[in-house]
Amino acid sequence: MESVRVERGTKASRIFAICALPLVAALIAMPWWSDPGDMRLVGEMAYFLALAQLWNLLAGYAGLVSVGQQAYVGLGGYALFYMTGPLNMNVYWALLLAGPFAGLMAIPVSFAVFRLRGAYFAIGTWVVSEVFALSASLIAVLGAGSGLSLTPAILRQISPDRAGRDTMLYLMTLACSALVFAIVYLLLRSRHGLALTAIRDSEPASASLGVNTFRTKFIIYIVTAACTGLIGGLIFLQKLRISPEAGFSINDWTVVVIFMVVIGGIGTLEGPFVGMLVFIILRELLADYGTYYLILLGLIAIAVMLKAPSGIWGWVVQRYDVQLFPVGRRLAPIPSKDAKDVVLSPQPGP
Amino acid sequence: MNWINILIQGGLLGGFYALFAIGLSMSFGIMRLVNIAHGDLIVLAAYVGMVATWYTGLDPFLSLVIVVPVMFALGYTLQRGLLNQTLSGGLLPPLLVTFGISIIIQNGLLQGFGAYDHRLQEGAIETASLRLPGGLSIGVYPLVVFAVALFAIASLQLLFYRTRLGRAFRAVSDDSDTAELMGIDNRKLYALALGIAMIFTAIAGVLFGIRTIFAPSAGPIRLILAFEAVIIGGLGSMWGTLIGGMVLGVAQAIGAAVDPTWQILAGHLAFLAILIVRPSGLFPRTRD
Chain B
85 MESVRVERGT KASRIFAICA LPLVAALIAM PWWSDPGDMR LVGEMAYFLA
135 LAQLWNLLAG YAGLVSVGQQ AYVGLGGYAL FYMTGPLNMN VYWALLLAGP
185 FAGLMAIPVS FAVFRLRGAY FAIGTWVVSE VFALSASLIA VLGAGSGLSL
235 TPAILRQISP DRAGRDTMLY LMTLACSALV FAIVYLLLRS RHGLALTAIR
285 DSEPASASLG VNTFRTKFII YIVTAACTGL IGGLIFLQKL RISPEAGFSI
335 NDWTVVVIFM VVIGGIGTLE GPFVGMLVFI ILRELLADYG TYYLILLGLI
385 AIAVMLKAPS GIWGWVVQRY DVQLFPVGRR LAPIPSKDAK DVVLSPQPGP
Chain V
50 MNWINILIQG GLLGGFYALF AIGLSMSFGI MRLVNIAHGD LIVLAAYVGM
100 VATWYTGLDP FLSLVIVVPV MFALGYTLQR GLLNQTLSGG LLPPLLVTFG
150 ISIIIQNGLL QGFGAYDHRL QEGAIETASL RLPGGLSIGV YPLVVFAVAL
200 FAIASLQLLF YRTRLGRAFR AVSDDSDTAE LMGIDNRKLY ALALGIAMIF
250 TAIAGVLFGI RTIFAPSAGP IRLILAFEAV IIGGLGSMWG TLIGGMVLGV
300 AQAIGAAVDP TWQILAGHLA FLAILIVRPS GLFPRTRD
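Top to bottom, those sequences are chains B and V. Per this note's numbering, the very first residue in the first sequence carries number 85; after that it's consecutive. Per this note's numbering, the very first residue in the second sequence carries number 50; after that it's consecutive.
If we strip away everything but chain B, and leave its shape as in the complex, we get (with noise of 0.2 Å):
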């Protein structure tokens, strides 16, 4: 008789959640506790948290290596410019529908990248967003090649003043931040996460024990986009300003979101934490250094990749085995009279 249960959390995973609550509560209370530059500082911790969780999802579990996703960044930015601008929509329902758009672009874009893989795909994913980008320097309803600004119109929407304005654009992109947090996390511990666990471990075992790796692909490309098109809607609303150049930069929304992931710990949902916070250190150390702390950050990034390639916290998984945001199923033994014979110890690992 087997007495064993799937177990979905850890200890560590449960004392984190507790001793989390009282930092997150300070984060939602830091306007009433702090001032404007720190809240400016966390909001874009925020946010950039958000697109390596993202990337994360992308590259780690699907293993879909976009470097191209400045292309959502972009169109969720020009998203909301139009439709507050010309489209003279209120400033949270064109936000609300700066994501949908997104990943409806994402879709006639998945049917052209998808046939692409590895390498292809990755520089195929890049020339898309250059068309984009392109195509916005070109569009004068777009502003063409100098964009759009928000007026203050639009800006008063959200509020009459500025320290108002501050505090609800610091917590919108914490709740965005967050949801897009809990949207990859029960994704990943859904049916589909399974089957992007296994698809990450092998793409052929995982197909041929029946994931349609395609569909579990596609689902998540789409699902990506549009959450990567929410925050970019959210990071050019404080912007107050968005450019073909800014929009679409690749080295503002992607590369330095990649060197976060692969820093903290690709495929873990962990990793994006620790190398976010690692990059914003970096930069507000080596802020008056010019591009260095960018060096720094390439010459870290390339050193992980080589030495420990998966990341600051996949070398604290090996060591200790702990897991803050589990996803895996692990069985344990449940302790009953008639399983006194049968020993199981946990089962490591995802």
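Check each hint, because a few of them may be wrong.
Part of the chain V face toward chain B, derived, beta carbon under 10 Å [claimed, not checked]:
#1 I85
#2 G138
#3 P142
#4 S151
#5 L238
It should be emphasised that the hints constitute simulated quantities derived from the structure, not laboratory data. The model shown is predicted, which means the values in this text are computed figures rather than measured ones. C-beta: ideal position from N, C-alpha, C; glycine also.
Starting from the known structure of chain B, fit chain V onto it as the hints suggest.
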């Protein structure tokens, strides 16, 4: 004839793109290395050429005497010291390491030379042109670049199909494990391959620096153009890369004829269209 003019100018431009693409095509074909830093290495070569002309007073063409060995040595060391370690673990390691190199080169150049535009001055040849019957006129410089591209590809074909080294290159490209069993030192051969690829990158960089202004941020678009030429032509086929470059050049010329701002966009769209119809390019030789 306007259309003939567009075809000729586009085709000549394609020679330029083919020259960009040779180094990428080689490292892709032989070691399946996706070199994201390729465009930045082209720009780096242009800067090396510029510094060489500053210190020696050589004219840009002759500065290749310095640029070529420098880039060869850089390619050899990069592959030997860094990139060889990335080739066994799937797509991500080489992609990310070369991404890192790309960022380091871009920001290194930015720190060293500032964000300003630079240019290599070659004098009269830049603007000279040949008059042809029918009112056509062809720039001498694009013609020279095209000839260099033809010569470069022809010499690479000779290397690949007429020498022991070339045989070894083809062997590791087809099956690196078996090649190693036959006594080939893959790591050394890969280093040599990137070294040789960088000779062509050096030539491409200097010729690029003479043709247009360049800045530290000029790399990524060169990478995309080179990549498009390689993919349109089909992996592993050098003459295919030339045709790919010319297809790209003609598409851009047609776009530019409609409206000058459409040039690059037309090239990208042609690339995507060809990919959708023929995902492995027009003349594929190597199986990925």
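| Taking the least C-beta to C-beta distance, is V/L238 closer than 10 Å to chain B? | violated, 21 Å
| Minimum Cβ distance from V/P142 to chain B below 10 Å? | holds, 5 Å
| field | Given hint V/I85 near chain B, where the shortest CB pair must fall under 10 Å | value | Holds: closest Cβ of chain B sits about 8 Å from V/I85, inside 10 Å.
| task | Would you settle whether the hint for V/S151 is holds or violated, based on the nearest Cβ-Cβ distance to chain B being less than 10 Å? | result | holds, 8 Å
| request: Tell me if V/G138 is really an interface residue toward chain B, meaning its C-beta lies closer than 10 Å to one of theirs. | output: Since the shortest Cβ distance to chain B is 6 Å, the answer is holds.
Hint violations for this structure: number 5 only, all remaining hints satisfied.
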